[in-house]
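Asker: Taking the hints into account, I'd like the entire structure generated from these sequences.
Residue numbers (UniProt numbering), protein chains in the order written: chain A, 1 to 375; chain B, 1 to 375; chain C, 1 to 379; chain D, 1 to 379; chain E, 1 to 92; chain F, 1 to 92.
By construction, these hints were calculated from the structure, which means they are not laboratory data.
Check the hints yourself; a few may be wrong.
[Claimed, not checked] Computed from the model, here is a short list of chain F residues facing chain A with C-beta under 10 Å: (1) 4; (2) 15; (3) 21; (4) 25; (5) 31; (6) 59; (7) 71.
[Stated by the list, open to error] Pairwise CB distance ranges, derived in the manner of DEER restraints: (8) A/182 / D/32: 31 to 39 Å; (9) B/239 / E/59: 24 to 32 Å; (10) F/37 / A/292: 28 to 36 Å; (11) F/83 / A/315: 25 to 33 Å.
Note that CB positions come from ideal geometry on N, CA and C, so glycine has one too.
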Amino acid sequence: MRFVDEYRDAGQARALSAQMAALCRPGHTYKFMEVCGGHTHTIYKHGLEDYLPEAVTLIHGPGCPVCVIPMGRLDDAIHIAEQPGVIMTSFGDMMRVPGGRGSFLDAKARGADIRMVYSPLDALKIARQNPGRRVVFMAIGFETTAPSTAMTVLRAEAEGIHNFSVFCNHVTIIPAIKAILDSPDLHLDGFIGPGHVSAVIGCRPYEFIAHTYGKPLVVTGFEPLDVLRSVYQILTQLAHGRSQVENQYARVVPWNGNPKALNAISRVMELRPYFEWRGLGSISHSALKMTEKYAAYDAERIFHIPGVRVADPKACQCGEVLKGVLKPWECKVFGTACTPETPIGTCMVSSEGACAAYYNFGRFSRQRVKEATSP
Amino acid sequence: MRFVDEYRDAGQARALSAQMAALCRPGHTYKFMEVCGGHTHTIYKHGLEDYLPEAVTLIHGPGCPVCVIPMGRLDDAIHIAEQPGVIMTSFGDMMRVPGGRGSFLDAKARGADIRMVYSPLDALKIARQNPGRRVVFMAIGFETTAPSTAMTVLRAEAEGIHNFSVFCNHVTIIPAIKAILDSPDLHLDGFIGPGHVSAVIGCRPYEFIAHTYGKPLVVTGFEPLDVLRSVYQILTQLAHGRSQVENQYARVVPWNGNPKALNAISRVMELRPYFEWRGLGSISHSALKMTEKYAAYDAERIFHIPGVRVADPKACQCGEVLKGVLKPWECKVFGTACTPETPIGTCMVSSEGACAAYYNFGRFSRQRVKEATSP
Amino acid sequence: MTTEPSEETTAAWAETAVREAGHLHRPTREDQVLERIERARRGKARIREELITLAHGAGGKATHTLIEAVFLEAFRNPLLEPLADGAVTDGLAITTDSYVVKPLFFPGGDIGDLAVNGTVNDLAMCGATPRHLTASFILEEGLPIADLRRITASMAAAAHAAGVHIVTGDTKVVENGKADGCYITTAGIGALDRGATLSAASVTPGDAVIVSGPIGDHGMTIMLARGELDLEAHLTSDTAPLHDLTGRLLAACGDGVRCLRDATRGGVATVLNEIAAASRTCVVLDENAVPVRPQVRGACELLGIDPLYVACEGRMVAVVAPHRADAALDALRSHPLGTDAALIGRAGDDPPGLVLLKTCFGGTRIVDLLVGDPLPRIC
Amino acid sequence: MTTEPSEETTAAWAETAVREAGHLHRPTREDQVLERIERARRGKARIREELITLAHGAGGKATHTLIEAVFLEAFRNPLLEPLADGAVTDGLAITTDSYVVKPLFFPGGDIGDLAVNGTVNDLAMCGATPRHLTASFILEEGLPIADLRRITASMAAAAHAAGVHIVTGDTKVVENGKADGCYITTAGIGALDRGATLSAASVTPGDAVIVSGPIGDHGMTIMLARGELDLEAHLTSDTAPLHDLTGRLLAACGDGVRCLRDATRGGVATVLNEIAAASRTCVVLDENAVPVRPQVRGACELLGIDPLYVACEGRMVAVVAPHRADAALDALRSHPLGTDAALIGRAGDDPPGLVLLKTCFGGTRIVDLLVGDPLPRIC
Amino acid sequence: MCLGIPGEIAEILPDHPDLAMVDISGVRRAINIGLLDREDLAPGDWVLIHVGFALSKIDEEEAAAALDFLRSIGDPYEDEIAALRESTIEQG
Amino acid sequence: MCLGIPGEIAEILPDHPDLAMVDISGVRRAINIGLLDREDLAPGDWVLIHVGFALSKIDEEEAAAALDFLRSIGDPYEDEIAALRESTIEQG
Ligand code: SF4
Ligand code: SF4
Ligand SMILES: [Mg+2]
Ligand SMILES: [Mg+2]
Ligand SMILES: [Mg+2]
Ligand SMILES: [Mg+2]
Ligand SMILES: [Mg+2]
Ligand SMILES: [Mg+2]
Ligand SMILES: [Mg+2]
Ligand SMILES: [Mg+2]
Ligand SMILES: [Mg+2]
Ligand SMILES: [Mg+2]
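Answerer: In structure tokens, the structure reads:
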């Protein structure tokens with residue numbers, strides 16, 4: 001596959017790896033956060049840690065749009081799905097995520113009509129095909145996904161489809177990064193910046209990180225060489241005492257983002273005063289809701305929503321994992337009480353979460369495996 | 001079973017049989033019509049013909065409420081059943097009867113929600129349990145059944161249930177008997193009168209048959225000895241040159257019928273100017289419809305009904321069978337093209353129809369069977 | 001009394017026939033029509049419908065037509081051809097059935113023991129000793145796992161009682177609204193170690209027709225358990241494994257046993273029609289001899305249904321040679337599952353392929369295959 | 001270049017490991033945690049859910065838990081215990097599967113040939129020659145009879161191709177909305193006449209892991225054929241009977257063949273996890289060696305699905321002794337159904353019970369059982 | 001037409017104005033008695049049931065009279081047949 | 001987060017204002033291109049696809065430049081490794 005396979009070359013990875021090792025100051029350790037769950041996934045799926053200098057630790061950030069949805073919010077969605085005549089539509093990612101009353105899959109088993117879609121446009125199509133039903137799209141995702149939801153609402157409006165609405169859970173990445181940067185117990189040396197969010201918002205919004213907080217940030221693609229190259233670039237900045245926003249992913253990310261996409265969002269949505277993030281707590285201006293003008297497409301307004309808040313379980317140490325204070329396996333419940341089948345904390349709920357990725361892909365002793373797989 | 005088993009005694013049947021033979025005038029033959037399909041069923045199910053004098057032939061009349069529904073009327077019912085949100089309810093008898101577009105069972109197979117009920121009250125219960133659906137009761141039957149439908153509508157009104165309606169196909173027996181008496185090619189010597197209709201209308205309405213047409217009529221119960229006794233009574237009247245209305249079934253039928261039941265009918269229903277009977281054609285004032293006052297419970301008013309008329313097939317010789325001109329097996333298509341699985345004419349559509357009863361229960365040579373079953 | 005009734009017009013034929021001469025019989029015009037009809041009925045099965053309806057699953061005419069016109073037509077081979085309870089080959093009997101009962105739990109049993117007993121019984125009807133079962137589940141999402149545990153527990157108990165193991169299985173889950181809680185398909189393998197060669201075709205005029213107990217309990221229990229009819233009665237399903245009962249019968253009567261059939265879907269009437277058709281005999285039943293519980297009869301009368309068509313899950317029809325009838329009844333009655341066994345009729349020779357009933361009233365009528373399920377005849 | 005990377009921090013371990021000394025290994029704290037987790041995973045299966053969900057039918061962890069905690073718990077016996085493709089006893093292999101595919105007809109096949117091939121394959125995986133099939137149908141009222149004819153025709157053709165007969169069957173019809181057109185359950189009996197003793201438990205470190213062809217064709221074809229994703233591709237199901245291929249393999253390698261598994265529900269990854277768990281070996285795969293068609297890969301990338309978990313219906317995993325690997329590949333490749341057979345990995349000894357993947361990128365990761373179906377990871 | 005079955009009233013249901021529990025050979029169903037006079041009915045009475053409604057109260061006297069008639073012609077005849085049969089056997 | 005996959009535009013669909021048929025390794029889907037400038041797109045162009053929308057047109061020059069950089073450090077290293085390996089074999 002073009003624009004994919006070129007970035008999976010093991011030979012070049014070995015070369016980068018050697019270069020990176022050379023960039024590390026002896027005796028020094030480095031902690032970089034990949035904000036985006038997509039990167040976490042890439043790192044584990046390709047076994048990328050085998051190429052990282054020992055001195056470099058990657059901290060898996062909060063950028064998994066599935067993981068950050070608070071349980072109460074999912075309970076609200078299930079409540080909507082259980083109303084008579086409703087068809088709830090959702091990306092596959094969300095189906096197995098447990099709320100306080102189980103997951104979408106559980107609700108479906110209890111009888112709710114919940115369907116998986118690939119695109120919000122598919123949800124709209126279902127609405128078109130089922131005029132007697134009320135079709136709700138469970139909208140999740142960062143700025144990457146919000147424009148698609150917005151475009152779908154605009155299309156519903158243009159076509160005069162009135163049995164379609166959006167349960168809007170879109171979140172914005174900058175306030176979350178800022179919340180992490182402001183937390184006292186955190187030590188980070190740089191950021192692997194989210195590639196696809198940046199395709200929409202561009203690179204400028206990160207500049208405060210480089211300027212105010214003095215941390216390098218490299219906007220990064222999702223193939224393994226993209227990530228390695230990005231680590232290489234951060235290490236280079238650090239070696240040269242720089243802190244800048246760089247764009248490793250220029251083939252996809254224009255420096256100024258996608259103005260049409262930003263425009264679509266702003267036509268249909270506006271910032272919420274605050275939104276609760278699972279594992280991180282309430283963050284102000286960190287999420288989007290439908291505007292008054294599109295109230296007719298706003299499931300939050302159409303349906304009476306209980307709005308129950310479910311506290312994160314006590315055993316959960318996700319906050320520490322998200323900030324890099326603990327490694328996933330250092331959490332007391334990791335792998336025993338907390339597994340992908342029965343997640344306790346947010347980092348376990350989707351395969352992009354730090355704990356789930358480590359559990360699914362990295363749950364083995366690298367030392368022993370080296371022995372097992374050596375020819 | 002009390003009031004059942006006493007009337008199934010073979011010994012007493014043999015005695016009655018002997019008495020009847022004695023009542024027959026030598027060289028004379030007798031044709032009696034059992035108006036009611038229930039009697040037809042009894043006659044075949046119990047093998048009652050084995051007890052009849054050779055001179056007596058029973059003609060199976062039009063009194064099967066299922067058989068007389070014209071195909072177009074069933075198509076209308078299926079049309080209603082196929083409207084969105086509708087639950088059609090029907091007695092089991094009606095489920096397999098074919099209209100122009102197949103039967104209720106076929107429509108159900110195509111996706112319509114059609115349910116079998118034992119009582120119209122069960123249909124009302126379904127309406128109560130499914131407030132979001134529109135429940136229609138396919139009302140069929142003679143005066144016996146009409147009061148139950150009427151009572152159910154009155155109860156729906158009392159309970160304020162608004163998602164229940166009746167597709168009214170109730171018919172009245174007297175006009176049908178009169179139509180048969182008036183047909184030129186018919187020769188009948190007496191009538192076995194319908195027992196359960198008479199439990200509602202009483203015995204008086206038949207008096208014109210005895211007085212104007214000079215034919216004996218005996219209101220008759222449904223056990224085999226009831227029917228034999230009734231034939232005996234008719235033969236007795238004929239032997240004595242009498243023609244009267246007699247009530248063989250006095251344990252159930254009061255001479256004046258059931259005033260409460262008649263009242264229930266008249267509160268909710270009124271006579272139609274005319275109604276088409278399958279096999280007999282249009283008969284004036286022979287059926288009931290909902291009154292204006294109960295329009296809200298009248299499926300005929302609530303739903304747009306195509307009202308298609310489907311002509312009886314050409315091959316059909318039901319008219320002749322119903323009048324006793326032909327025996328069922330004398331019809332050209334009997335048992336080959338016309339069977340209970342693929343009925344062509346009305347007499348084959350329900351097990352109470354003359355042809356179906358003969359096909360299902362009597363389709364064997366009595367002479368050969370005598371040899372086969374003799375000890 | 002002076003007028004002895006003529007033989008033609010009264011039921012006295014039963015007595016007078018004794019005095020009658022030979023079997024000389026000149027066909028009337030009615031006979032000719034009936035003959036034509038029988039020829040039409042024996043012709044190749046043809047499906048006229050375009051869609052599957054519930055009738056195709058009821059065990060009656062529609063089912064037979066579907067099986068002959070579609071399944072047998074497509075799969076035809078000598079083992080399948082007899083369309084018996086199972087296939088018999090190489091010393092083995094093989095059978096399968098799917099179970100789709102609603103409700104899943106009912107007085108006297110549940111879908112689990114039904115699925116085990118039903119397949120054990122089909123093996124038993126082949127004259128085999130049941131050995132191994134397979135069990136395949138189609139579960140509807142939303143089925144309570146507690147229900148599934150209850151079902152598997154009764155399967156295990158039923159298997160234990162029948163001396164078989166469930167040796168392999170499969171599980172599929174379908175979406176809500178694509179099943180009805182739980183469907184189970186069992187297949188079974190039995191050893192043909194009882195020396196019996198059973199077949200419906202071997203039934204011969206004169207043979208005795210026996211039923212192992214009261215009929216219709218299962219079907220009526222299910223009908224009532226659905227709750228739609230709002231009827232209540234103390235009735236329980238007769239579901240039971242019959243391999244031990246058949247073992248005892250075969251031990252007592254050896255090859256005097258012609259044919260065994262469990263009277264499931266379609267009831268005793270359907271089984272007897274299959275036997276009459278396969279053997280070209282005429283089965284003549286005595287309505288008075290057919291054991292039916294009062295409650296089953298009451299519900300049947302109320303609904304206008306004939307108990308002969310109501311399903312059993314622990315009753316069988318056995319056809320035995322005339323001289324073994326008493327031994328057969330003794331053997332059956334000595335077993336707890338056969339205490340009410342009854343001789344209900346005989347095979348005759350004419351008219352071939354028909355089942356006739358001498359009614360309790362002394363008349364005679366046909367007991368034909370139904371098209372589909374027995375529908376309540378209410379109005 | 002002056003700084004050769006340290007063995008700890010680069011993927012150069014593949015080379016440097018050659019030069020390494022013995023297997024001395026001091027467990028770190030992470031190792032201890034991992035050990036605790038493995039113990040927890042090996043513990044008795046427990047179901048936490050109250051209701052059946054689709055995950056229980058997907059073939060992954062939830063299915064395994066359900067089978068062990070409910071079915072095995074209730075039915076436990078020595079033949080069932082290995083939970084293999086079929087049970088093996090008295091020279092016979094016995095298997096069953098239910099088929100619930102949607103749509104009923106798809107590029108390359110339909111539910112009919114699937115139901116025959118699937119059961120033929122399970123027998124073949126036992127090392128048996130398929131002999132007899134049973135077929136039980138659950139039909140939804142409203143199914144066009146023409147569709148049923150198409151299905152039975154392809155069953156007949158598939159049975160003919162596999163040299164088996166459908167010797168007995170059953171048909172049930174359920175109400176509209178209680179099935180999805182047609183469900184088929186087949187059971188199969190095979191003769192263990194090939195002299196092979198196959199079991200997942202017999203897999204030994206060093207054994208070669210072979211797959212008989214490109215993976216994921218069936219699953220992806222079905223996903224596309226549903227039309228919900230609006231994806232188009234020239235893809236056809238790989239449904240095929242593998243008995244002939246296994247016959248050739250067994251003839252060539254004799255008891256060098258340890259274990260055969262058709263990679264159906266849950267795909268190659270699930271089968272390998274079962275093998276690793278049963279044999280307590282560590283299966284190490286080479287991602288570069290796993291054959292995947294470009295369209296399957298394209299669709300997988302688009303949906304965020306790993307092809308290792310996508311179902312095949314005509315591919316198998318064969319584990320063979322090291323010295324028979326070449327012979328096995330030759331035998332498979334000489335057969336039309338095995339032309340693209342590939343050696344995709346090896347069994348190792350540590351960590352036991354895990355499947356590891358050497359990624360195309362040179363890294364290593366676990367390939368675990370999924371909880372349920374692979375869900376698209378889109379956003 | 002119109003299947004009607006006799007059933008025995010087991011109980012007039014107190015909470016429902018028009019319902020009685022009726023027994024048919026051990027099978028029970030709540031039957032609507034709104035078409036009859038409630039005061040006229042008591043447990044032990046028999047009614048004719050049609051589609052869930054009691055259509056008529058069964059008149060025991062009329063029933064007994066009808067049976068008496070049947071017996072009046074049936075019994076002598078049966079005696080005669082029995083005599084005939086015996087004489088046949090003696091002949092045979 | 002936010003799975004994005006490159007695909008090649010096969011055809012701009014004429015009847016639908018915002019749709020293009022896009023090819024991903026032989027798999028085709030109609031993709032909404034309403035977030036990009038239509039005039040800017042032609043068959044043969046590559047776009048990044050996310051949840052059914054083209055989010056970005058892939059810049060081939062940037063892609064080439066990035067690959068050039070990777071090769072610039074990768075290739076010499078690979079040569080060195082190959083040399084090292086050979087010398088190891090010679091030794092061994
Ligand atoms: S193991 Fe579970 S609770 Fe612990 S940090 Fe990870 S996700 Fe949170
Ligand atoms: S055989 Fe059919 S067409 Fe002929 S009279 Fe009877 S019902 Fe009518
Ligand atoms: Mg059977
Ligand atoms: Mg069977
Ligand atoms: Mg069976
Ligand atoms: Mg299986
Ligand atoms: Mg359901
Ligand atoms: Mg298998
Ligand atoms: Mg199997
Ligand atoms: Mg299988
Ligand atoms: Mg069967
Ligand atoms: Mg359906």
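Asker: State for each hint whether it applies.
Answerer: Hints, one by one, checked against the model:
no.: 1; hint: 4; in the structure: holds (5 Å)
no.: 2; hint: 15; in the structure: violated (15 Å)
no.: 3; hint: 21; in the structure: violated (15 Å)
no.: 4; hint: 25; in the structure: holds (5 Å)
no.: 5; hint: 31; in the structure: holds (9 Å)
no.: 6; hint: 59; in the structure: holds (5 Å)
no.: 7; hint: 71; in the structure: holds (7 Å)
no.: 8; hint: A/182 / D/32: 31 to 39 Å; in the structure: holds (35 Å)
no.: 9; hint: B/239 / E/59: 24 to 32 Å; in the structure: holds (28 Å)
no.: 10; hint: F/37 / A/292: 28 to 36 Å; in the structure: holds (30 Å)
no.: 11; hint: F/83 / A/315: 25 to 33 Å; in the structure: violated (54 Å)
The structure fails hints 2, 3 and 11 (numbered hints given earlier, in ascending order).
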